[in-house]
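Undergrad: Hey, can you work out the whole structure from these sequences and the hints?
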Amino acid sequence: DTEVTQTPKHLVMGMTNKKSLKCEQHMGHRAMYWYKQKAKKPPELMFVYSYEKLSINESVPSRFSPECPNSSLLNLHLHALQPEDSALYLCASSQEQRATYEQYFGPGTRLTVT
Amino acid sequence: AQSVTQLGSHVSVSEGALVLLRCNYSSSVPPYLFWYVQYPNQGLQLLLKYTSAATLVKGINGFEAEFKKSETSFHLTKPSAHMSDAAEYFCAVSDTGGYNKLIFGAGTRLAVHP
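The listed protein sequences derive, respectively, from chains A and B. Heads up, the first sequence is in our numbering, so the first residue is 116 and it goes up one at a time. Heads up, the second sequence is in our numbering, so the first residue is 210 and it goes up one at a time.
Be a bit skeptical, because a hint or two may be false.
[As the list claims (entries may be wrong)] One-sided and incomplete, this derived list gives chain B residues near chain A with beta-carbon spacing under 10 Å: (1) P240; (2) Q247; (3) K258.
The set of hints was computed from the structure by calculation and includes no laboratory data. Computed from a predicted model, the values in this text were never measured in an experiment. Beta carbons are placed, not taken as given, at the ideal position from N, Cα and C, and that holds for glycine.
TA: This is the structure in structure tokens:
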């Protein structure tokens, strides 16, 4: 099974709200990723966790806060977002954080900030 | 630094015709290359990957790609297009610095008409 699940599928939030995105995989992968994808653009890497520790933060604003509670779960906590943060947020996982390992993507959460 | 260029943001073919999506990479070391497909409102699905085992790589859904070092290319082909192939296709190279950062091309939208 090469499935990565993400909830919710859609999310609408105001600029003062706090919400969380959830990602789960049961493939035994030890690296998990958050990407942001704007319309008609490729995904942009935000964060990488390797063995439940934050490995890469691509200079993402602090209003995005990642969390990896265990090896199967990845959360993205959202607070005080801006309308320009509206996008498709994709989670991915790979066996390890090495170039040889392909990443498997979830279906994404479509976020709209009003 | 590694990079990927996809030639042609839009490609249109007739059903049953050859599909050719172009990807050129730039890398100072042997690259790890991937093709992903994204259907509307979905996440990315891995089509195939090149990790130096063989220059001709076969993937899912009848797609294949050939790694040509002399041309720094990794073009994606399918002998006969199907209507269900209409989607966005991304070529990506994996950062070999150890971080498994995927560097995506801008994407090619494939349209298939009857």
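Undergrad: It remains to establish, for every hint, whether it holds in the given structure.
TA: Evaluation of the provided hints:
1. P240: OK, holds: P240(B) within 10 Å of chain A, min 9 Å.
2. Q247: holds (9 Å)
3. K258: With a closest approach of 5 Å, the K258(B) hint holds.
Violated hints for the displayed structure: none, as all numbered hints are satisfied.
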